[in-house]
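**Student:** Sequence lines, in order, name chains A and B. Mapping to the working numbering: the first sequence position 146 is 146, numbers consecutive. Mapping to the working numbering: the second sequence position 206 is 206, numbers consecutive.
Hints listed in this document are in silico derivations from the structure and should not be mistaken for laboratory results. All values reported here derive from a predicted model rather than from experimental measurement. For every residue, glycine included, the Cβ atom is placed at its ideal position computed from N, Cα and C. Fair warning: there could be bad hints in the mix.
Claimed, not checked - DEER-style ranges, computed between Cβ atoms:
hint : chain 1 : residue 1 : chain 2 : residue 2 : range
1    : A       : S204      : B       : N182      : 28 to 36 Å
2    : A       : G137      : B       : Y125      : 24 to 32 Å
3    : B       : V144      : A       : Y29       : 36 to 44 Å
4    : A       : A97       : B       : L265      : 46 to 54 Å
Residues per chain are reported as follows:
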Amino acid sequence: MHGKLTAPLVLTALAFGALALLPGVGSAYAIDWVTKTMIYAVLALSLELLVGSTGLVCFGQAAFFGMGAYAAVLLSPKDGAASLVWLLPAAVASAAAYALVVGALCLRTRGAYFIMVTLAFAQMAYYLVHDTPLGGGSDGIYLTRRPKLGTLLDLEQAVQMYGLTLACLALSFGGLALLLRSRFGRALAGIRVNEQRMRATGFSTYPYKLAAFVISGALAGLAGFLFALKDGFVNPELLSWHISGAVLVMIILGGLGHLRGALLGAFVFALLQELFQSEALFGPLAKHWHLGLGLAIIFSVALLPRGLVGLPALWRGRRHG
Amino acid sequence: MDSTSFLIQCLNALQYGLLLFLVASGLTLIFGIMGVINLAHGSFYMIGAYMAYGLAPWVHTHLGGGFFSTLGVGLLLSVLLGYLLEWAFFSFLYTREHLQQVLMTYGLILVFEELRSLLVGDNVYGVPVPDWLGGAVPLSDVMVYPVYRLFVSGVCLALALGMYLVFTRTRLGMKIRAGSNNREMVQSLGVDIRLLYRLVFATGVALAALAGMVAAPISSVYPGMGQGVLIVCFVVVVIGGIGSVRGALLAALLIGVVDTFGKVLLPQAAGVLVYVLMAAILLWKPDGLFKAA
Chain A
1 MHGKLTAPLV
11 LTALAFGALA
21 LLPGVGSAYA
31 IDWVTKTMIY
41 AVLALSLELL
51 VGSTGLVCFG
61 QAAFFGMGAY
71 AAVLLSPKDG
81 AASLVWLLPA
91 AVASAAAYAL
101 VVGALCLRTR
111 GAYFIMVTLA
121 FAQMAYYLVH
131 DTPLGGGSDG
141 IYLTRRPKLG
151 TLLDLEQAVQ
161 MYGLTLACLA
171 LSFGGLALLL
181 RSRFGRALAG
191 IRVNEQRMRA
201 TGFSTYPYKL
211 AAFVISGALA
221 GLAGFLFALK
231 DGFVNPELLS
241 WHISGAVLVM
251 IILGGLGHLR
261 GALLGAFVFA
271 LLQELFQSEA
281 LFGPLAKHWH
291 LGLGLAIIFS
301 VALLPRGLVG
311 LPALWRGRRH
321 G
Chain B
1 MDSTSFLIQC
11 LNALQYGLLL
21 FLVASGLTLI
31 FGIMGVINLA
41 HGSFYMIGAY
51 MAYGLAPWVH
61 THLGGGFFST
71 LGVGLLLSVL
81 LGYLLEWAFF
91 SFLYTREHLQ
101 QVLMTYGLIL
111 VFEELRSLLV
121 GDNVYGVPVP
131 DWLGGAVPLS
141 DVMVYPVYRL
151 FVSGVCLALA
161 LGMYLVFTRT
171 RLGMKIRAGS
181 NNREMVQSLG
191 VDIRLLYRLV
201 FATGVALAAL
211 AGMVAAPISS
221 VYPGMGQGVL
231 IVCFVVVVIG
241 GIGSVRGALL
251 AALLIGVVDT
261 FGKVLLPQAA
271 GVLVYVLMAA
281 ILLWKPDGLF
291 KAA
């Protein structure tokens with residue numbers, strides 16, 4: 001297994017290569033679109049660690065995403081550019097700290113409870129931001145100056161923002177791949193398959209699950225941080241449960257249990273969104289693009305329970321009977 | 001707060017709690033009996049409210065009669081909708097994982113919400129209170145309480161009692177309880193479990209739609225109204241214990257009190273209080289107040 005060049009590995013490497021080359025050929029719109037989609041891919045990866053690798057279905061990922069975004073804006077000084085050296089860790093750490101508190105509570109429950117409780121806590125965060133004046137209330141708040149990294153990085157330029165996002169995505173992907181191969185990752189897989197047996201073999205599963213929850217929250221916070229930097233604006237909708245739902249759709253659409261599924265899912269989801277929003281194809285219905293998206297979700301659940309990553313296997317199975 | 005306004009807030013809390021119970025009971029039944037997490041449950045509440053708005057003129061000209069005929073037609077339609085939805089979308093979800101149920105019903109929410117936008121538009125509409133319920137009960141020299149709110153509480157109480165009797169005292173209730181414990185066993189005893197499930201689902205949909213219909217004159221109808229209710233109902237179900245109707249009643253009343261008095265006493269934190277309550281109860285009892293048997 002180790003070190004073997006498999007088709008998925010080659011394809012993933014090629015995809016990252018293509019992403020690295022895009023700024024040379026893509027239009028400004030393409031760069032902006034791919035930056036946004038890569039941010040969602042980081043968010044999808046963070047959820048994949050919980051849902052696909054550990055078997056914990058979290059329906060409140062938007063709260064950590066929003067936490068990272070709000071931290072980026074609120075911690076930036078009003079009168080100048082912050083340094084990326086401390087702003088990025090600070091935003092990620094605030095999301096992680098919040099995930100620690102929420103996770104410690106939510107992980108007392110399991111199964112369907114866990115889904116509902118994570119959703120409810122995310123709504124709590126949403127109302128906290130929405131109803132209190134701290135983060136600008138329902139109007140949101142602007143980031144006055146994007147942070148700098150000495151003279152190395154000027155994030156006011158879209159291409160540099162693209163580079164930072166791509167680097168974060170690649171590091172998240174690589175880091176998670178390593179993590180899942182480690183003893184810790186194996187323990188998470190064991191918890192997903194049979195938690196009872198893991199406990200019987202002497203693993204205290206709670207700390208493992210909590211660690212996974214916090215890492216996932218931190219990564220979601222990183223995605224939120226990037227989002228705030230890219231848009232220069234945050235509002236409570238970043239914490240809305242539609243984001244949590246959309247990310248879940250991405251990882252399922254891509255295929256659970258594979259990191260590349262999360263990447264694929266994020267891009268396919270964004271493409272679907274573009275498709276249903278296109279006025280050229282749907283005319284006046286384009287305004288109601290949620291309709292097409294909802295139907296696509298329903299069909300993908302009904303017909304593709306294993307996601308897009310499972311498609312080749314499905315085809316092979318058909319051909320060989 | 002003097003005693004009269006305290007009484008008014010208590011009645012408001014009761015009315016809100018009972019209305020929540022009506023929606024949450026369907027949610028907890030569908031989960032407890034069929035094991036399906038139904039995110040689209042809030043949409044049924046919304047559909048009910050929009051039926052109260054949209055059907056009333058039609059019912060008035062074609063069938064005659066007012067509020068009660070509209071309720072009747074709406075109930076009939078919602079049972080039909082529930083029956084068809086179970087057949088088309090939910091019947092194959094029973095054996096799937098929770099995750100896929102969540103996704104499927106999330107897709108349904110998007111579809112319902114957009115269909116609503118296409119059919120009725122995105123404006124806020126008021127629904128008139130029927131004339132004969134439009135009065136008010138005097139509570140003191142200056143304070144009055146609207147009769148319609150008392151009527152809503154009464155309807156919810158009657159339904160709660162009816163549900164309790166059907167579940168504990170009838171043969172149908174016995175079959176439903178048995179089916180939630182062991183589907184295969186009940187089926188092998190000659191009970192048509194698919195039909196039973198379809199009925200339970202249709203009842204759940206009808207309960208939520210009815211809640212929406214009676215709530216419409218108080219809350220008016222507006223886009224996204226189902227989603228707020230859905231999430232509060234999740235909190236109700238989690239606090240009460242998933243699958244427990246008794247727990248849902250208690251939790252719904254508790255939330256009614258906390259939310260209503262929170263809005264009066266601590267207006268800045270009102271949105272968050274309900275979730276703080278949930279966190280506190282989870283710390284104390286992770287399985288909710290009443291764990292379903």
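**Student:** Hint by hint, note whether the structure agrees.
**Tutor:** A quick look at each hint next to the structure:
Between S204 of chain A and N182 of chain B the CB atoms are about 33 Å apart, so this pair conforms to the stated range of 28 to 36 Å. Separated by about 27 Å at the C-beta atoms, G137 of chain A and Y125 of chain B satisfy the suggested range of 24 to 32 Å. Restraint check, V144 of chain B to Y29 of chain A: a C-beta distance of roughly 60 Å breaks the suggested window 36 to 44 Å. Taking 46 to 54 Å as the suggested C-beta distance range, the pair A97 of chain A and L265 of chain B does not conform, at roughly 30 Å.
In the structure shown, a violation is registered for the earlier hints numbered 3 and 4, in ascending order.
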